[in-house]
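Each chain, letter by letter, is given below.
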Amino acid sequence: NAGVTQTPKFQVLKTGQSMTLQCAQDMNHEYMSWYRQDPGMGLRLIHYSVGAGITDQGEVPNGYNVSRSTTEDFPLRLLSAAPSQTSVYFCASRTPGSPLHFGNGTRLTVT
Amino acid sequence: GENVEQHPSTLSVQEGDSAVIKCTYSDSASNYFPWYKQELGKGPQLIIDIRSNVGEKKDQRIAVTLNKTAKHFSLHITETQPEDSAVYFCAATITGANSKLTFGKGITLSVRP
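Top line first, the protein sequences correspond to chains A and B.
Numbering-wise, our numbering comes out as the position in the first sequence, counting from 1, plus 1.
Numbering-wise, our numbering comes out as the position in the second sequence, counting from 1, plus 198.
A portion of the hints provided could be inaccurate.
[Said to hold, decoys possible] Here are some chain A residues pointing at chain B (derived, C-beta under 10 Å):
1. Gln7
2. Glu31
3. Tyr36
4. Gly41
5. Met42
6. Leu44
7. Tyr49
8. Gly52
9. Glu60
10. Leu101
11. Gly106
Simulated from the structure, these hints should not be mistaken for laboratory data.
Beta carbons: idealized from backbone N, C-alpha and C, even for Gly.
Isolated chain A, as found in the complex (with noise of 0.2 Å):
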């Protein structure tokens, strides 16, 4: 098993401009999200599925947006990148009552 793989590893976006983060786990887990990580803030959850064709918000929602089609696939889109979205992208998954496990991330820069 592969895990959870996230691609790209690095991103260069100008304001303004549009990008979709791929998520793909081969672990048959229903439940996957996204978190942030910026320095001295931790992880924050961005948004969340339980199951295909299901997703929410998570703490920071503003200027993402997800959608859940298969089990393996969860994208994270930015319609229009600002600076402030400059961190990095962790997708992670789990099974109902198991660790999350996590990819190895996306680092994104807005300019």
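Assemble chain B onto chain A, guided by the hints.
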């Protein structure tokens, strides 16, 4: 909602010494408390966790203790080694299909050779 506080933000110890990292939580209904280790350039990885029906759990050189009355839990690392240098996150949640982990801000542990 849940609030998890983690102090201090940095900790430096001599190799071979013990390290203790403390966290407090606000929601008395929280019943699951994992600890994650994050190495440079990687995602957080679970190293140990504890549920509210247990006061202490050990796994080789690491242990976690939970004080439900005071709403705090601690990570203990004995005989520290340079490879223990990393960022450590504590978290808390109420378990369930929709449960969302709330993380502390993380502590950077440095083990001096």
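Cross-check of the supplied hints:
no.: 1; hint: Gln7; in the structure: holds (8 Å)
no.: 2; hint: Glu31; in the structure: holds (8 Å)
no.: 3; hint: Tyr36; in the structure: holds (8 Å)
no.: 4; hint: Gly41; in the structure: holds (6 Å)
no.: 5; hint: Met42; in the structure: holds (6 Å)
no.: 6; hint: Leu44; in the structure: holds (4 Å)
no.: 7; hint: Tyr49; in the structure: holds (6 Å)
no.: 8; hint: Gly52; in the structure: holds (9 Å)
no.: 9; hint: Glu60; in the structure: holds (8 Å)
no.: 10; hint: Leu101; in the structure: holds (6 Å)
no.: 11; hint: Gly106; in the structure: holds (5 Å)
Consistency with the previously given hints is maintained throughout, with no hint failing.
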